[in-house]
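J.: Chains as they are written, first to last, in our numbering: chain L, 28 to 319; chain F, 53 to 452.
Among the hints, erroneous ones may be present.
[To be verified] With a straight-line Cα cutoff of 27 Å, these simulated DSS-like cross-link-like pairs (lysine-lysine) come out:
1) K53/L <-> K358/F
2) K290/F <-> K106/L
3) K206/F <-> K158/F
4) K353/F <-> K54/L
5) K296/F <-> K158/F
6) K53/L <-> K353/F
7) K118/L <-> K220/L
No lab work stands behind these hints, which were simulated from the structure alone.
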Amino acid sequence: MSILANKNTRVLVQGITGTQASFHSKKSLDYGTKIVAGTTLHKNLDKHIGIPVYSSVADAVKEHEIDASIMFVPAPMVKNAMKEAIEAELKLVVTIANGVPVHDMLEIKSMLKGSKTMMIGPNTPGLITPEEARLGIFPENIHQKGCIGVISRSSTLTYEAVLETNRTGLGQSTVIGLGDDMIVGTDYRGIIKRFMEDTETKALVLIGKTDSLYEQTAAEYYSGLKNKKPIIAFIAGEAMPFSHIMGYAGDIITRGRITVQDKKKMLQNVGMTVVDNITQIHEVLNELDLVP
Amino acid sequence: MNIHEYQAKKILAQNGISVPNGKIAYTPSEAKRVALELTSRGPWVLKAQIQSGARENGHFISHEAGHKGGIRLVTQISNITYEANQMLNNVLVTEQTGPKGKLVSKIYIETFAKTLRTFYAGIVIDSAISSITLLISKEVNKDIINLSTSDYTKILRVNLFPQENISAIQTERVADFLDLDKTYHAPLAEFLNKMLSTFINLDAKMIEINPVGVTKEKEFIALDAKISIDDNALYRHKDIARLKDDYEEDEKVLKAKKYDFQYNEFDGNVGCIVNGDGLALEAMDMLKNYGYSTACTLNVKGGVDKDKIATGIKIIMTNPRVEGILINILGGFLRCNLVADGILAATQEIGLTMPMIVRLEGTNKNEAKNILKDSGLAITFAESTEEAIKTLAAKLEANN
Chain L
28 MSILANKNTR
38 VLVQGITGTQ
48 ASFHSKKSLD
58 YGTKIVAGTT
68 LHKNLDKHIG
78 IPVYSSVADA
88 VKEHEIDASI
98 MFVPAPMVKN
108 AMKEAIEAEL
118 KLVVTIANGV
128 PVHDMLEIKS
138 MLKGSKTMMI
148 GPNTPGLITP
158 EEARLGIFPE
168 NIHQKGCIGV
178 ISRSSTLTYE
188 AVLETNRTGL
198 GQSTVIGLGD
208 DMIVGTDYRG
218 IIKRFMEDTE
228 TKALVLIGKT
238 DSLYEQTAAE
248 YYSGLKNKKP
258 IIAFIAGEAM
268 PFSHIMGYAG
278 DIITRGRITV
288 QDKKKMLQNV
298 GMTVVDNITQ
308 IHEVLNELDL
318 VP
Chain F
53 MNIHEYQAKK
63 ILAQNGISVP
73 NGKIAYTPSE
83 AKRVALELTS
93 RGPWVLKAQI
103 QSGARENGHF
113 ISHEAGHKGG
123 IRLVTQISNI
133 TYEANQMLNN
143 VLVTEQTGPK
153 GKLVSKIYIE
163 TFAKTLRTFY
173 AGIVIDSAIS
183 SITLLISKEV
193 NKDIINLSTS
203 DYTKILRVNL
213 FPQENISAIQ
223 TERVADFLDL
233 DKTYHAPLAE
243 FLNKMLSTFI
253 NLDAKMIEIN
263 PVGVTKEKEF
273 IALDAKISID
283 DNALYRHKDI
293 ARLKDDYEED
303 EKVLKAKKYD
313 FQYNEFDGNV
323 GCIVNGDGLA
333 LEAMDMLKNY
343 GYSTACTLNV
353 KGGVDKDKIA
363 TGIKIIMTNP
373 RVEGILINIL
383 GGFLRCNLVA
393 DGILAATQEI
403 GLTMPMIVRL
413 EGTNKNEAKN
423 ILKDSGLAIT
433 FAESTEEAIK
443 TLAAKLEANN
C-alpha cells in the first residue's frame with residue numbers, strides 16, 4: 028500500500044509538450060506510472076511521447092478515466108489549469124511550477140474549498156510511491172520501497188530525508204513534497220491523515236522550515252489523533268536571523284512571532300520526536316525497531 | 053519588490069485615495085522650485101526617499117547634514133534649499149537600514165496636511181488561513197512587527213475577501229476600535245475599500261499607510277505609504293516592474309539575480325553554495341552546531357551547470373568575510389562532473405586560498421570526485437552534509 032498514488036493510478040499530464048514535462052513524463056512512464064493522457068495548447072496534435080493529448084482537461088476526461096494530474100504548466104497559467112482540473116473533479120493534482128503569484132493561490136484555495144480535488148504544491152518536486160508511481164520530478168534512483176512516509180516543506184531536504192530512511196533499510200511508502208511556497212494547496216494535516224490510515228506506513232518523517240505556520244497546525248492535528256504512528260520531525264532554519272524572514276511579515280503580524288524553537292517545542296509536546304540535525308533521523312528510526 | 057514612498061503615493065492616488073500634493077526633487081534648487089509649484093505658502097514636508105521606515109528618527113552620518121532626521125518640516129521657503137542641501141547625497145541611517153545606512157539621492161516635497169488625528173492601516177496576507185487581513189492600530193509611526201509581538205491587543209485584525217467590499221459590520225468594528233463616531237463610517241468604508249482594491253489590483257503582499265490622517269472634513273489621507281508587490285506577479289504589472297530601484301540593493305545581490313541566483317549575507321565566515329532554500333537552512337543550522345556561522349549563502353536553484361557554478365564561486369569569493377567554502381548540491385538529474393568542471397574553472401581563474409568542501413549527490417558522482425582529486429587543488433569531497441561541515445570546521449580550526 029501507499030497513499031494518494033500507486034501503480035494503478037491513472038494519470039493525466041497537464042502541459043505535457045513542454046521540455047521539462049516531456050523529459051519527466053518519459054521518466055515517469057519508464058518508472059511504471061500509468062500516464063493515460065496529456066493536455067497541451069498546441070493545436071492539431073494527437074499524440075506526444077506516445078500519449079494521447081487533448082486541448083483541455085474536460086476533453087481528456089471524456090475519453091479516459093483519470094484519477095490524478097501532474098501539472099507542468101508555467102506559473103502564470105496555473106490558476107486556469109487548476110480551475111480545469113477542479114471542474115473535471117480530478118481527485119489529485121500535483122503542481123510543479125515555481126513562482127505562482129500569491130494572489131492566484133488565494134483564488135485557487137477558495138476554488139479548492141468544497142471541491143473534490145486535493146492539490147499538492149506548487150513549487151514541489153511532487154509525489155513518489157517507490158516502484159509504483161512518480162508524479163513529479165523526483166530523482167527515481169534514490170528511492171527504495173518501504174514503510175516510512177515522508178512529508179516535507181522543503182524540496183531539497185526531501186532528498187536528505189529519503190537518504191536517511193535508506194540508511195535504515197526501511198525505505199519509503201510514499202514521499203510527498205508539500206511545496207516551498209508561502210501558501211500551498213495541502214498542508215501536513217491532509218497527508219498525515221492518509222499516512223495514519225495506510226497499513227503499510229509504520230512511521231513518518233516530517234521536514235519543516237522556518238517560515239509559515241503549517242507546523243503549528245500539524246501539531247494541533249496530531250495531538251487530536253487517537254491512533255498515532257510515530258513521527259520524527261526536523262525543522263530547518265534555527266540559525267536564520269529573524270530579520271531575514273521578513274517576507275512573511277503578514278503571518279508574524281497576524282499570528283505572532285513563532286521561532287523554529289517554538290515549532291520544535293510544539294511538535295515535541297504532542298509526542299513527535301524532534302531531531303536537531305537531519306542526519307539523526309536514521310538513528311531515531313533504528314531505535315523504533317520497526318518491522319517493514 | 054518594494055517601491056519608494058512617492059511611487060506608492062502616486063499609485064494610491066490613481067486608485068482614488070487622497071494623498072498630500074507632492075513632487076520629487078534631485079537637487080536643492082529643484083527642491084525650492086517644486087516647493088513653490090506646490091504652494092506659495094508653507095509649511096512643506098521634505099522626505100528622504102530611501103526604502104526604509106523610521107526615517108524621521110534616523111540620523112545622517114555626515115555632520116554637514118545637521119542633526120535632524122530624514123523627514124523635516126520647513127515653514128519658510130528660504131529654508132528649503134538649505135535643508136534639501138543637507139539631506140541630498142548624504143547617508144541616512146535608520147533602525148531598519150542597519151549601520152551602513154542608505155544614500156539619499158532624491159527627496160519628496162509635500163504640502164503639509166492638517167489633520168485632526170492619525171492611525172495605522174495595513175493590509176497583509178495571512179498564509180495560515182489563506183486570507184487577506186486588514187490591520188488597524190491607533191499607534192502610529194511604529195514598526196508594526198514589533199508592535200504585534202510586544203502588544204498584540206493594540207492591533208485590530210479583520211479578515212477581508214478579495215471579491216467583496218468591507219461589510220458594514222467590519223467598518224463599524226474598525227470605527228469603534230479607533231473611536232470614530234457614526235458620521236465617519238461612510239468615508240472610512242470608502243477609504244478601506246479603495247485600499248483593498250489597490251491591494252488586489254497590484255498583486256500586493258503588503259500595503260501600509262502609516263499614518264492615515266483624518267481631516268476636519270472627515271477625509272482620510274495617506275500621509276505615508278509603503279507597498280510591497282509579489283515578485284512572481286510582476287509579469288502582469290510591467291509599469292510597476294519598471295519602478296525597481298537598483299540602488300536599493302546590494303551589488304552582489306544584483307549580480308546574483310542576473311543569473312537567477314539568490315544571495316544572502318550574514319555575519320559569519322563560511323560561504324555556502326547550495327541548490328535549494330532547504331539546503332541553505334540546513335547548512336546554516338549545522339554550521340551553528342559546530343560552532344561556526346555563515347557569511348553568505350548563494351542558492352543557485354534547480355539545474356546547475358559549469359558556468360553557473362563558476363559564477364557562484366566567484367560571487368562567494370569576493371565576500372571578504374568568507375574564510376571557507378561549502379558547496380552542497382543535491383539532485384537526481386544533476387551531473388556532478390559538470391559541477392566539478394565549474395569548480396575547477398573558477399578556481400583556476402581566481403585561485404583558491406581557503407578550504408573548500410564539496411558534497412554532490414547525483415549522477416557521475418565518482419567522476420566528479422576524481423576530477424577534483426586529480427586537480428591537485430585543496431578541495432575535499434564529502435559524502436554527506438554533516439561530513440562536509442565537520443571537515444570544514446576542522447580545517448577552519450587548523451587555520452586559526
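J.: Could you work out which of the previously given hints the structure breaks and list their numbers from low to high?
T.: 3
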